[in-house]
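> Read top to bottom, the protein sequences are chains R and C.
Following our numbering, the numbering of the first sequence begins with 3 at its first residue and continues without gaps.
Following our numbering, the numbering of the second sequence begins with 341 at its first residue and continues without gaps.
Fair warning: there could be bad hints in the mix.
Unchecked claim - Computed list of lysine to any residue pairs in SDA-like fashion (alpha-carbon distance at most 20 Å, straight line):
#1 C:K713 to R:V52
#2 R:K252 to C:A415
#3 C:K713 to R:P59
#4 R:K253 to C:T411
Simulated from the structure, these hints should not be mistaken for laboratory data.
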Amino acid sequence: MHDSLFFQVPNSTFAPTVDGLYYFIFWISVFFLTLITSLMIIFVVKYRRVEGVEAQPSPGHNTLLELGWSILPAFLVLIIFGWGFAGYVDMRSPPEEAYEINVTASMWQWNFRYPTGAVSGELHIPAQKPVKLIMQSKDVIHSLFIPAFRVKQDVVPGRYTGVWFEALEPGTFDILCAEYCGQQHSDMLSKVVVHNNDPSKTDLNDDPNFETWLEDASDPIKDNEPLYESGKRITEMLGCVNCHSSDGSKKVGPSFKGSFGTTRNLQGGKTVTVDENYIRQSILDPNSQVAQGFDPKMPSFKGTIKDEWIDAVIAYFKHLKKE
Amino acid sequence: MATAAMPAQHESESHGGENFLTCSKGFKSWAFTLDHKRIGLMYLIATMSSMFLGGALALILRAEHLTPGATLPLAKVQNFLGSLIPSWSAIEATPLTNHDVYNQLFTLHGAIMVFLFIIPSIPAALGNFVLPIMLGAKDVAFPRMNLGSFYLWIVGFIFLVTAILTTGLDTGWTFYTPYSTNTTQTSVIAATLGAFILGFSSIFTGLNFIVTIHTMRPPGMTWFRMPLFLWALYATAIIQVLATPVLGITLLMIAAERLLGLGIFDPSMGGDPVLYQHFFWFYSHPAVYIMILPAMGIASELFSTFSRKPIFGYRFIAFSSMAIALLGFLVWGHHMFTSGQSELLTIIFSVLTFSVSIPSAIKVFNWLATMYKGSINLATPMCYALSFMFLFTIGGLTGLFLGALATDIHLHDTYFIVAHFHYTMMGGTLIAFMGGVFYWWPKMTGYMYNEFWGQVSALIVFVAFNLTFIPQFVMGSRGMPRRYYNYLPEFQVYHVLSTIGAFMLGLGLALAAVVLIVSLFTKRKAPANPWGGATLEWQCSSPPPLANFEETPVVGNPYDMQSVVWDAENECFVNRKKEEAPQS
Ligand code: HEM
Ligand SMILES: [Cu+2]
Numbered sequence: 003m004h005d006s007l008f009f010q011v012p013n014s015t016f017a018p019t020v021d022g023l024y025y026f027i028f029w030i031s032v033f034f035l036t037l038i039t040s041l042m043i044i045f046v047v048k049y050r051r052v053e054g055v056e057a058q059p060s061p062g063h064n065t066l067l068e069l070g071w072s073i074l075p076a077f078l079v080l081i082i083f084g085w086g087f088a089g090y091v092d093m094r095s096p097p098e099e100a101y102e103i104n105v106t107a108s109m110w111q112w113n114f115r116y117p118t119g120a121v122s123g124e125l126h127i128p129a130q131k132p133v134k135l136i137m138q139s140k141d142v143i144h145s146l147f148i149p150a151f152r153v154k155q156d157v158v159p160g161r162y163t164g165v166w167f168e169a170l171e172p173g174t175f176d177i178l179c180a181e182y183c184g185q186q187h188s189d190m191l192s193k194v195v196v197h198n199n200d201p202s203k204t205d206l207n208d209d210p211n212f213e214t215w216l217e218d219a220s221d222p223i224k225d226n227e228p229l230y231e232s233g234k235r236i237t238e239m240l241g242c243v244n245c246h247s248s249d250g251s252k253k254v255g256p257s258f259k260g261s262f263g264t265t266r267n268l269q270g271g272k273t274v275t276v277d278e279n280y281i282r283q284s285i286l287d288p289n290s291q292v293a294q295g296f297d298p299k300m301p302s303f304k305g306t307i308k309d310e311w312i313d314a315v316i317a318y319f320k321h322l323k324k325e
Numbered sequence: 341m342a343t344a345a346m347p348a349q350h351e352s353e354s355h356g357g358e359n360f361l362t363c364s365k366g367f368k369s370w371a372f373t374l375d376h377k378r379i380g381l382m383y384l385i386a387t388m389s390s391m392f393l394g395g396a397l398a399l400i401l402r403a404e405h406l407t408p409g410a411t412l413p414l415a416k417v418q419n420f421l422g423s424l425i426p427s428w429s430a431i432e433a434t435p436l437t438n439h440d441v442y443n444q445l446f447t448l449h450g451a452i453m454v455f456l457f458i459i460p461s462i463p464a465a466l467g468n469f470v471l472p473i474m475l476g477a478k479d480v481a482f483p484r485m486n487l488g489s490f491y492l493w494i495v496g497f498i499f500l501v502t503a504i505l506t507t508g509l510d511t512g513w514t515f516y517t518p519y520s521t522n523t524t525q526t527s528v529i530a531a532t533l534g535a536f537i538l539g540f541s542s543i544f545t546g547l548n549f550i551v552t553i554h555t556m557r558p559p560g561m562t563w564f565r566m567p568l569f570l571w572a573l574y575a576t577a578i579i580q581v582l583a584t585p586v587l588g589i590t591l592l593m594i595a596a597e598r599l600l601g602l603g604i605f606d607p608s609m610g611g612d613p614v615l616y617q618h619f620f621w622f623y624s625h626p627a628v629y630i631m632i633l634p635a636m637g638i639a640s641e642l643f644s645t646f647s648r649k650p651i652f653g654y655r656f657i658a659f660s661s662m663a664i665a666l667l668g669f670l671v672w673g674h675h676m677f678t679s680g681q682s683e684l685l686t687i688i689f690s691v692l693t694f695s696v697s698i699p700s701a702i703k704v705f706n707w708l709a710t711m712y713k714g715s716i717n718l719a720t721p722m723c724y725a726l727s728f729m730f731l732f733t734i735g736g737l738t739g740l741f742l743g744a745l746a747t748d749i750h751l752h753d754t755y756f757i758v759a760h761f762h763y764t765m766m767g768g769t770l771i772a773f774m775g776g777v778f779y780w781w782p783k784m785t786g787y788m789y790n791e792f793w794g795q796v797s798a799l800i801v802f803v804a805f806n807l808t809f810i811p812q813f814v815m816g817s818r819g820m821p822r823r824y825y826n827y828l829p830e831f832q833v834y835h836v837l838s839t840i841g842a843f844m845l846g847l848g849l850a851l852a853a854v855v856l857i858v859s860l861f862t863k864r865k866a867p868a869n870p871w872g873g874a875t876l877e878w879q880c881s882s883p884p885p886l887a888n889f890e891e892t893p894v895v896g897n898p899y900d901m902q903s904v905v906w907d908a909e910n911e912c913f914v915n916r917k918k919e920e921a922p923q924s
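Could you build the full structure based on these sequences and the hints that come with them?
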């Protein structure tokens, strides 16, 4: 499959229905627009005003014609409705065996949690398997939008909403927030990584299959590597790197690089030393200590991050200091 | 023929001698006027100024989108305002200030265009001027309330614009909860009060029109002798009176929620944010018909007059206005297909949405049939009317993509929506409004504008409009969400095209304004009936006398085009009846 004028490459089982219906309505529209426009042009040319020539009398109405052009469109829109309805019912009927992933949206990031306890800032799913997302929001309304899959569902605080889909081909696709959610609405982006199902692909660095990825993500702390490497992996998994750089550049939040052990000016005039406790508190209750020059925008990771993972992250900070 | 007609023509001008513009002078004579024509003109100036203000903001938004990241130093706007408003200078500009300013600008653009321009534009500006005259009445039923409505508009304007300038409102014109109630630091309360007051202004106009049409029709003006513009205003007025109070209450609930912490919409207190969306769209969907019905009414007048043909299927059009007004109350949920509302509701709303599309389609066919075998004059108002027909058809047809569930799920909250509603609200309402302004301008001011430049403005606006919004359909269905400050680089080409179109569009509209303003200085006198309209407003002089008619007008068929004939010598249309009965 390839992309067309109006769509990027379709990559879910719904996509062909959506695109098909879209093009069906599109061609109907082209037909009517052409009809109306040509009549308009013909009339304007043929019946343009000539001085001294009056309009020719013609009937003021014609019941048959009027009924005709009411009933024909009614018929067409009924077909369109039925098609849209059928597609919608599919989108709302997840199969029993769908693989469930929990999603938490907050200003302005996505967080995905898997049945094994793995957590990630990007969505990882297997190809050709139904996946169901159970979503909630920590603050305002967001909307999960994956254009390649043609799905969208609002994520509403105070209730669960759900969406399901089945991806066709492995690859990486955009996730966007579609419901306006404040300052960085347009940066509330993530990716969905569709993994292959090839049982032989077990090398993490070479396009791993979903099982391999999941196993790795479920336990980011590896015995055979320095702790700081695990810490680095965790900051990537949780999406910290969306707002914090590791090269000293300033993004939404302060950079990780070289910060450990330094003194930081807080909003409200206090100063603190960046030590183990400061880092821990910044992760669990970020808005209690906001660094000067930054907005209190960071969401809390309480509940998503495990204590051992915080240890690893602290190790990573110390490592960055040395580098 | 000319000689027989001349006295009649002369008579209506010389009687009384003074028109509504010259009968009294000075600021007070305008500020305290009860004359519907003066109030209509003041509304015209006010709404058109709002349009240019909102348009200028739109151009800033479009320019920002020339590149995917930051394009303009928007944060400077805040610094500049900070220097004016002391409380702002304390706010530190961070790297994210650009985002904030962008969000405030699109909110301001939307709120100005919807609440200050489109909703009052046709009914309160043109409707106010034309409705009583078309009806054959001396004024509206409640002239004081009419003036009150204009002052409410002013107060609403002040609230809304002050709210946004002082702290920067960034909720979007939709004020969705819980963002608007719990999160944003900006002045939601002042802004919602502004919208609330504007709602009252709109209710006053609607109420006035309903009562006027019911009680002030002169002898002979039966319901089915009313011009279709009046049917459209009547249907609109019903929506204004029935739907606007719901918006008022909803906005007050938001203010109360913020002030008192009530928890109606706040999930952390057991409230329901989606409930807000139901309230909001229960008004705002019918409101889109407040915007489009009067536009359709203008189109009916223009197609008939400039084709010199009675409107085709008068009753069908009149009834379809009423059908749209009533069905329009039953489809609000189509704005919430992805909100998590119940599936059953979603399906019902989809069926009902399609049912509203039929009466709109019928009208387009009727306008076409009106042109058939006509004598079509491509004067400026007709150019706008033809442009309206094309653009509104696209607006309506793209509504089909959104009413269908499977496709709407994908298209909701993308640029496809933005393009759809600009085709309907701008391509539909604004273009018809421009057509109406050019049509009634000679009547309102007494002066003719330059025909050639008027036509050029219509052409530029038409081409530029399509260049602006067609790329938005494409990028929308390719996945570009709306209300985005930054965007993915793959969408840049569409944004650039759209921005070029927008600036051309700005030029086209500015040209239209120049053409109109220049006519006030060239002072080419307009005859009573420059276009050959058969409705009553063309019977009185241009501009009309204070009391509209010297004697109660004789009401006939509003689309009996053969009742007026072209008088080549005086370059205007005159009554045929007078000619046939010269003894009068
Ligand atoms: C045949 C007629 C029409 C149909 C079937 C139709 C259908 C729809 C649907 C289903 C939506 C919601 C889409 C979404 O948010 O996912 C929508 C949005 C909208 N429509 Fe229409 N529409 C029609 C005509 C009009 C007209 C005549 C106007 C105004 C003059 C209009 C103004 C709007 C506006 C303002 C929005 C979006 C509001 C927002 O989200 O900010 N539509 N339309
Ligand atoms: Cu709607």
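> All hints are to be evaluated individually against the structure, with a verdict given for each.
Cross-check of the supplied hints:
Straight-line distance between C-alpha atoms of K713 (chain C) and V52 (chain R) comes to about 12 Å, which keeps the hinted pair within the 20 Å bound. With a C-alpha separation of about 17 Å, the suggested pairing of K252 (chain R) with A415 (chain C) holds against the 20 Å cut-off. Restraint check for K713 (chain C) and P59 (chain R): satisfied, since their Cα atoms lie roughly 7 Å apart, inside the 20 Å limit. Restraint check for K253 (chain R) and T411 (chain C): satisfied, since their Cα atoms lie roughly 18 Å apart, inside the 20 Å limit.
Of the hints listed earlier, there is not a single one the structure fails to meet.
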